[in-house]
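Novice: Now for the letters of each chain:
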Amino acid sequence: MSFFKKNELKKGAIDSLPIVISVFPFGIIYGVLAIKAGFTIFEASFSSVVVFAGAAQLCSLPLFAAGVSPWAIIGTTFIINLRHFIMGASISRKIKEDELMPRLLVSYLLVDESFAITSTWWDTAKRESARDYLIGSGIALWTSWNISTIIGAVFGNFLGDPKKLGIDFAIAAGFIGLLVPLVKGRVEFLVLLVAIIASILSYLFIPGSWYILIATLCASIIGAFLSHDGEIE
Amino acid sequence: MEGILDHTKILLTLVGMGIVTYLTRVFFLISKKDEGMPKFVVRALKFVPVAVLSAIVAPLILAPEGRLALTYDSPYFIAGFVTFVIAYLSKNLIVTVFGGMAVILIVKFLIG
Numbered sequence: 070m071s072f073f074k075k076n077e078l079k080k081g082a083i084d085s086l087p088i089v090i091s092v093f094p095f096g097i098i099y100g101v102l103a104i105k106a107g108f109t110i111f112e113a114s115f116s117s118v119v120v121f122a123g124a125a126q127l128c129s130l131p132l133f134a135a136g137v138s139p140w141a142i143i144g145t146t147f148i149i150n151l152r153h154f155i156m157g158a159s160i161s162r163k164i165k166e167d168e169l170m171p172r173l174l175v176s177y178l179l180v181d182e183s184f185a186i187t188s189t190w191w192d193t194a195k196r197e198s199a200r201d202y203l204i205g206s207g208i209a210l211w212t213s214w215n216i217s218t219i220i221g222a223v224f225g226n227f228l229g230d231p232k233k234l235g236i237d238f239a240i241a242a243g244f245i246g247l248l249v250p251l252v253k254g255r256v257e258f259l260v261l262l263v264a265i266i267a268s269i270l271s272y273l274f275i276p277g278s279w280y281i282l283i284a285t286l287c288a289s290i291i292g293a294f295l296s297h298d299g300e301i302e
Numbered sequence: 005m006e007g008i009l010d011h012t013k014i015l016l017t018l019v020g021m022g023i024v025t026y027l028t029r030v031f032f033l034i035s036k037k038d039e040g041m042p043k044f045v046v047r048a049l050k051f052v053p054v055a056v057l058s059a060i061v062a063p064l065i066l067a068p069e070g071r072l073a074l075t076y077d078s079p080y081f082i083a084g085f086v087t088f089v090i091a092y093l094s095k096n097l098i099v100t101v102f103g104g105m106a107v108i109l110i111v112k113f114l115i116g
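Residue numbers (the working numbering), protein chains in the order written: chain A, 70 to 302; chain B, 5 to 116.
Treat the hints as calculated values from the structure; they're not laboratory data. All C-beta atoms, glycine included, are put in the ideal place defined by N, C-alpha and C. There could be a bad hint or two in this list.
[What the hints assert, rightly or not] Just a few of them, taken from the derived set where beta-carbon distance is under 7 Å, the chain A residues facing chain B:
(1) ALA141
(2) ILE143
(3) ILE149
(4) HIS153
(5) GLY157
Between the sequences and the hints, there should be enough to build the whole structure, so can you do that?
Specialist: Set out below in structure tokens:
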């Protein structure tokens, strides 16, 4: 452990605090919904430790509840998390150290939020390596996600129907809040439209909850056709 | 009916989800290699966040009960639209989430 830069670990964690706070209600919602979907408290907590990917976990719940095949759930998870390939490629170039174990740890802690926070930090000054900062950020987010999952799972039984409290819509609102800043140009806007249309059509007409997979593939491929090689950071 | 088998299946599925998720993260991070992927694939991956989030959100607000509901009396459609506006104007996740929840509660109360 001694070769980690302690000040960068700490900086990463402290810079992540606003996001740590905003992740917390989602973890609670996830914990509540996980119980509603038929998970035990242990399974809810286990999923947040083992998967540690909020969007994929939330999307898996209706599939679990509907008794969809494990392969469809795992396949959907894979597609939802495909974006980590490109995030990993981006961060990897910003990590100067070669040691295997810390790289395996960074991989575990690479989520949308730690990626975004670390990328911003990287751009604000000349940095040596993003590794320890991302680990600090990731640990802070991991702690928030896992504690809030347990709280949601434990107290889920005492909360009423999430629909009545507007909590079910909080998930949609959270995704909208993450989505809107990503729509930076014309191509992204077209990708959004294609994804919405493809998602709705496959949601309504193709059984088995493959709609996220189908829509993501269609829309991303159209995005690739409409864009050019350039600054892929 | 919930039995031991169901829960074994859940746990194994979760482990599978964890493995594929980790694979997507570790693939390029395990070493400094990042060449060799076709340019087209790299470009497609760039749009995955927008595509996947849109794909998740669309049925939640456009077909909340499993049927298309693009009408003025669908609280999810109205609140979804307003939340997009809030997100665009505020550029703040916390404001968007709590704003969206406030809107859905108000719309549900008004529509009944």
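Novice: Determine which of the earlier numbered hints do not hold for this structure and return their numbers in increasing order.
Specialist: Checked against the structure, the only hint that fails is number 1, while the rest are satisfied.
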